[in-house]
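Which chain is which? The protein sequence lines are A and B, in order. 8 is the number that my numbering gives to position 8 of the first sequence; each next residue is one higher, with no gaps. 10 is the number that my numbering gives to position 10 of the second sequence; each next residue is one higher, with no gaps.
Because the hints were derived from the structure by calculation, they are not lab data. Misleading hints may appear alongside valid ones.
The list that follows gives simulated cross-link-like pairs (lysine-lysine, DSS-like), each with its CA atoms no further than 30 Å apart [said to hold, decoys possible]:
hint, chain 1, residue 1, chain 2, residue 2
1, B, K50, A, K33
2, A, K33, B, K49
3, A, K17, A, K88
4, A, K73, A, K62
5, A, K59, A, K73
6, A, K101, B, K9
7, A, K59, B, K9
8, B, K50, A, K102
9, A, K96, B, K9
10, A, K73, A, K33
11, B, K9, A, K33
12, A, K59, B, K19
13, A, K73, A, K88
14, A, K73, B, K19
15, B, K9, B, K19
16, A, K88, A, K62
17, A, K19, B, K50
18, B, K19, A, K19
19, B, K9, A, K88
20, B, K9, A, K19
21, A, K96, B, K19
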Amino acid sequence: MSEAEELPRSIVRRVVKDKLSRCSEDGEISVSKDALLAFSESGRIFIHYLSATANDICKESKRQIINVEDVFKALEETEFPEFLRPLKASLEEFRKKNAGKKAAVSKGKDDEPRKKRKLEGESPDKGEGSDKAELSDKGEDPDKGESDKGESGDETNDLKE
Amino acid sequence: MSHIRTIIKLEDPDLRVSKDALMAVNTAAETFVEQFVQEAYTCCAEDRKKCLSYDHLDFVPERVKAEDALRERSAAGKGG
Chain A
1 MSEAEELPRS IVRRVVKDKL SRCSEDGEIS VSKDALLAFS ESGRIFIHYL SATANDICKE
61 SKRQIINVED VFKALEETEF PEFLRPLKAS LEEFRKKNAG KKAAVSKGKD DEPRKKRKLE
121 GESPDKGEGS DKAELSDKGE DPDKGESDKG ESGDETNDLK E
Chain B
1 MSHIRTIIKL EDPDLRVSKD ALMAVNTAAE TFVEQFVQEA YTCCAEDRKK CLSYDHLDFV
61 PERVKAEDAL RERSAAGKGG
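Bound conformation, chain A alone (with noise of 0.2 Å):
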């Protein structure tokens, strides 16, 4: 099996190792080899079998992208209802994180026009030369940025049915 298939070993060691000082009070208890592999094994399963779940019920409905309440409904079909409280509280948490990100972006783009005025004072090719600085710091390719948008906005539309 290829990294890309299973869950990041870090991350899976990460959770557990976490919830093992939870739960044990006297002192650090070790976990084996075969033990974290199994951990990780079962959340990769986990996964496809809930994106599976999710993907029937998202068919049913006629829709072409899975949405929060597909996933939702998924769990219960599979007999996960007990997750379905802290889910939905982490996802207000990162909505609101969402919602306070996108703030600052829509803020940064009032100020964008000021900007512009400066760079036409300077000569075109400067402009030019810092526009694609600009790009490949981010590791971006214009090209693919079009995509990219084209797609998260479809799954806005989705969201709001």
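Dock chain B against the given chain A, drawing on the hints supplied.
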């Protein structure tokens, strides 16, 4: 999160997942592993051991050596 997207797409490359749904699957998987660890720890504590080993995981198949598994498989194939 990117790992989880990759795992999901392995089954169906055309499958599309919203960011929130991906986050939900991520958190659910984490909760699942935590619950699994909790139950394994209970078994480990009953055993009075300081090391959580594969044998403390009640819900996974028993370990079998590769050659034994292959021998069993070939025997089953001949029998069928």
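ask   = Is the straight-line distance between the alpha-carbon of K19 of chain B and that of K19 of chain A 30 Å or less?
value = Within the cut-off at roughly 26 Å; holds.
inquiry  = So if I understand the rule, the pair passes when the alpha-carbon distance is 30 Å or less; does K19 of chain A with K50 of chain B pass?
reply    = Distance ~15 Å between K19 of chain A and K50 of chain B Cα, so the pair holds.
ask   = Is the straight-line distance between the alpha-carbon of K50 of chain B and that of K102 of chain A 30 Å or less?
value = violated (47 Å)
inquiry  = Check whether the Cα positions of K96 of chain A and K19 of chain B lie no farther apart than 30 Å.
reply    = holds (14 Å)
query = Holds or violated: are the alpha carbons of K101 of chain A and K9 of chain B at most 30 Å from each other?
reply = holds (27 Å)
request  = Please work out if K50 of chain B and K33 of chain A have their alpha carbons no farther apart than 30 Å.
outcome  = Cα-Cα ~14 Å, so holds.
request  = Would you mind confirming whether the straight-line C-alpha gap from K9 of chain B to K19 of chain A stays at or under 30 Å?
outcome  = Holds, at about 29 Å.
ask   = If you draw a straight line from the CA of K73 of chain A to the CA of K33 of chain A, is it 30 Å or shorter?
value = Status violated; Cα separation ~34 Å.
key: Pairwise hint evaluation, K9 of chain B against K96 of chain A, where the allowed Cα distance is 30 Å at most   = holds (27 Å)
ask   = Quick one, are K59 of chain A and K9 of chain B close enough, alpha carbons at most 30 Å?
value = Given pair K59 of chain A, K9 of chain B holds - Cα atoms ~16 Å apart, limit 30 Å.
task = For the pair we were handed, K9 of chain B and K33 of chain A, check the Cα-Cα distance against 30 Å.
result = holds (27 Å)
inquiry  = So if I understand the rule, the pair passes when the alpha-carbon distance is 30 Å or less; does K9 of chain B with K88 of chain A pass?
reply    = Within the cut-off at roughly 24 Å; holds.
In the structure shown, a violation is registered for the earlier hints numbered 8 and 10, in ascending order.
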